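Chain by chain, the residues:
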Amino acid sequence: MSMVISINGLCKKYEKFSLKDVSFQAPKGYIMGFIGRNGAGKSTVIKCLMDMIPFESGKIELFGLDSRSFANENKKRIGYVGEDQYFYESMTAGWSLEFFGRFFSDWDNDYGYSLLKRFDIDPSKKVSELSKGMKVKLALAIALGHRPELLILDEPTSGLDPVIRNEILELLAETVQDENCSVFFSSHITTDIEKIADYVTVIDDGRIILSDEKDSIISKWKMFKVENSCRGEELLGRLIGVKKGEFGFSGITDKPDSFIKELNRRCPGARYKMENITLDDLLVRIAKESDTI
Amino acid sequence: MNDVMRIAVKDFQIQVKSIKNYVITTLFFVLLFTVGGLGRNTMLLPILALFVLYRFINYSMYEDEKNNTLRLLASLPLKRDTIVFARYLSTGVLIVVLSILLGSISALLPSGEAGSTALVLCIFFVYVIMISIYMPIGFKLGYIKAVNINRFIFLGLFVLLGAVPVLLGKGEGPQDGNALASVITMLDNADHVLIVAGFALVTLLLYIISMKISVIFFRKRTLF
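Sequence order for the protein chains is A and B. Under our numbering, the residues of the first sequence are numbered 878 to 1170, in order. Under our numbering, the residues of the second sequence are numbered 2 to 225, in order.
Treat the hints as calculated values from the structure; they're not laboratory data. Everything numeric in this text was worked out from a predicted model, so none of it was measured. Yeah, the Cβ is synthetic: ideal placement off N, Cα and C, and Gly gets one too. Mixed in with the good hints, there may be bad ones.
[What the hints assert, rightly or not] Computed beta-carbon distance windows for the label pairs:
| # | chain 1 | residue 1 | chain 2 | residue 2 | range |
| --- | --- | --- | --- | --- | --- |
| 1 | B | Val197 | A | Arg945 | 44 to 50 Å |
| 2 | B | Val24 | A | Asn949 | 36 to 42 Å |
| 3 | A | Pro1039 | B | Ile145 | 34 to 40 Å |
| 4 | B | Val127 | A | Asp898 | 52 to 58 Å |
| 5 | A | Leu942 | B | Phe153 | 45 to 51 Å |
| 6 | A | Glu1006 | B | Ile25 | 23 to 29 Å |
| 7 | B | Lys67 | A | Pro931 | 22 to 28 Å |
| 8 | A | Glu1071 | B | Phe52 | 56 to 62 Å |
| 9 | A | Pro1039 | B | Phe30 | 40 to 46 Å |
| 10 | A | Asn949 | B | Lys21 | 50 to 56 Å |
| 11 | A | Glu950 | B | Ala108 | 47 to 53 Å |
[Claimed, not checked] The calculated DSSO-like cross-link candidates involving lysine-lysine, where the alpha carbons are at most 30 Å apart (straight line), are:
| # | chain 1 | residue 1 | chain 2 | residue 2 |
| --- | --- | --- | --- | --- |
| 12 | A | Lys1002 | B | Lys67 |
| 13 | A | Lys1003 | B | Lys213 |
| 14 | A | Lys893 | B | Lys221 |
| 15 | A | Lys1102 | A | Lys1121 |
| 16 | A | Lys1003 | B | Lys80 |
| 17 | A | Lys953 | B | Lys146 |
| 18 | B | Lys80 | A | Lys1009 |
| 19 | A | Lys1009 | B | Lys18 |
| 20 | B | Lys67 | A | Lys890 |
| 21 | A | Lys893 | A | Lys953 |
| 22 | B | Lys18 | A | Lys890 |
| 23 | B | Lys146 | A | Lys893 |
| 24 | A | Lys1002 | B | Lys18 |
| 25 | A | Lys1091 | A | Lys1102 |
| 26 | A | Lys1072 | A | Lys1138 |
| 27 | A | Lys936 | A | Lys1002 |
Please put together the full structure from these sequences, using the hints given.
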């Protein structure tokens, strides 16, 4: 399988935060969700990917080309939408579409305008009169107007109401299906990722926690709720993001069979529940685990 | 249209609405100077032109800063150098247009009404010095910091420029002590082609050096 994004050992240091040996790959033709809580390092990784900020060490390849040496060549093949939308507020949506779009050599003006129409944006409307959701759609039209091979979205649905969010996700899924491009989509709203992603990469405190197929993650990871009489260090050590309550404890693991075996060995006849998890559960438990370390 | 041209044109496009403000302000000052009996002041038009130029650069930088559009530009397949070149191109075009306008007015009006050719050249030179100082600071520190720093620099420059003729006047200048006037008269009497060529060369050199410094600063600037 060929990769559109390949990151190896990426390190970037700030005064109070750093990316530590970030490595993962995103396959061509799929949607990869990049999840992590606020401040986990999602935007920093994306800015390194887009050559917007320098990094100390590591290697980033886009379409097999070095992200720094071939920055402009790579950017021509990428559509990017950031968390905040930056436009000249006094200009119209149509002017913005053409001004920013024409920097791409493959820009298709008619297609750009057709996207505006599809997104229900009046080209003659000033950017300052557009809602946040509309601005995201305008940014999407600019990002898609040159038919990119890779779409990089940095929390584009953050701060939007569920209706607009859903609309954007649907538009995104449709467009990606029609245009056959790959998507790298970061968000702390895991339900968004769960809806459209094929692959998921989880980042926390500047470290990649896991990177795998979404269905594989959801089927592999299980939530266990066990009565307190079985609580012991050995069992707790096999779970991640453990929560202790009055009647029992809970946690998640990607080795459920091994946990059940150990539970039955140490606590025969124990009462427990094994449940499927959501990406939200996964993120919350991982965050809890890193907070306790 | 190439990328440099596109961004340079944008600097004018985003200010179309401001032209009305420029005209109103200019008319206000013309009225103020006329009522104040300074209608024949040779420095009136250059001062107004300087105001327009300063507003133009400030507004272009302010728009990019306020809207954070430099960030979006940085995400496009563009080199940072292109953004710098474009700003120098748009400002350069405006300087030339304003200078031609001033030169035309001075040529049309009777001598002394709007200033001599030499005065226009001096003013053109002052514009370039001003921009050449302002832009690198703007590209290094951004609009807000640059405006504050430049305020002090320009104040110092004006004090210095005002002090030079006075100091020269104390020496071997004309009896009325106006050495600047004698310099202007000297330039007026000299070979115009030579002077224009000399001024053009020096200003172009200054402008290019300033642009190179801006490129170095802007490449290193943290936008995110």
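Checked hints:
1. Val197(B) to Arg945(A): 44 to 50 Å: Distance hint for valine 197(B), arginine 945(A) holds at roughly 46 Å.
2. Val24(B) to Asn949(A): 36 to 42 Å: holds (40 Å)
3. Pro1039(A) to Ile145(B): 34 to 40 Å: Holds, at about 37 Å.
4. Val127(B) to Asp898(A): 52 to 58 Å: Since valine 127(B) and aspartate 898(A) have Cβ atoms about 55 Å apart, the given range 52 to 58 Å holds.
5. Leu942(A) to Phe153(B): 45 to 51 Å: holds (46 Å)
6. Glu1006(A) to Ile25(B): 23 to 29 Å: Holds, at about 25 Å.
7. Lys67(B) to Pro931(A): 22 to 28 Å: holds (26 Å)
8. Glu1071(A) to Phe52(B): 56 to 62 Å: Holds, at about 57 Å.
9. Pro1039(A) to Phe30(B): 40 to 46 Å: violated (54 Å)
10. Asn949(A) to Lys21(B): 50 to 56 Å: Taking Cβ atoms as reference, asparagine 949(A) and lysine 21(B) lie about 38 Å apart, which means the hint is violated.
11. Glu950(A) to Ala108(B): 47 to 53 Å: holds (51 Å)
12. Lys1002(A) to Lys67(B): This hinted pair holds, its Cα atoms lying about 20 Å apart.
13. Lys1003(A) to Lys213(B): Not OK: lysine 1003(A) and lysine 213(B) at ~35 Å, beyond 30 Å, violated.
14. Lys893(A) to Lys221(B): This hinted pair holds, its Cα atoms lying about 21 Å apart.
15. Lys1102(A) to Lys1121(A): holds (10 Å)
16. Lys1003(A) to Lys80(B): Satisfied, since the Cα-Cα distance of roughly 28 Å is no more than 30 Å.
17. Lys953(A) to Lys146(B): Roughly 33 Å between the alpha carbons, so the hint for lysine 953(A) and lysine 146(B) is violated.
18. Lys80(B) to Lys1009(A): holds (28 Å)
19. Lys1009(A) to Lys18(B): holds (24 Å)
20. Lys67(B) to Lys890(A): Answer holds: lysine 67(B) to lysine 890(A) is near 28 Å, not above 30 Å.
21. Lys893(A) to Lys953(A): violated (33 Å)
22. Lys18(B) to Lys890(A): violated (44 Å)
23. Lys146(B) to Lys893(A): This hinted pair holds, its Cα atoms lying about 25 Å apart.
24. Lys1002(A) to Lys18(B): holds (16 Å)
25. Lys1091(A) to Lys1102(A): Since the Cα atoms of lysine 1091(A) and lysine 1102(A) sit roughly 23 Å apart, the hinted pair holds (cutoff 30 Å).
26. Lys1072(A) to Lys1138(A): violated (33 Å)
27. Lys936(A) to Lys1002(A): violated (42 Å)
Going through the hint list in order, the structure does not satisfy hints 9, 10, 13, 17, 21, 22, 26 and 27.
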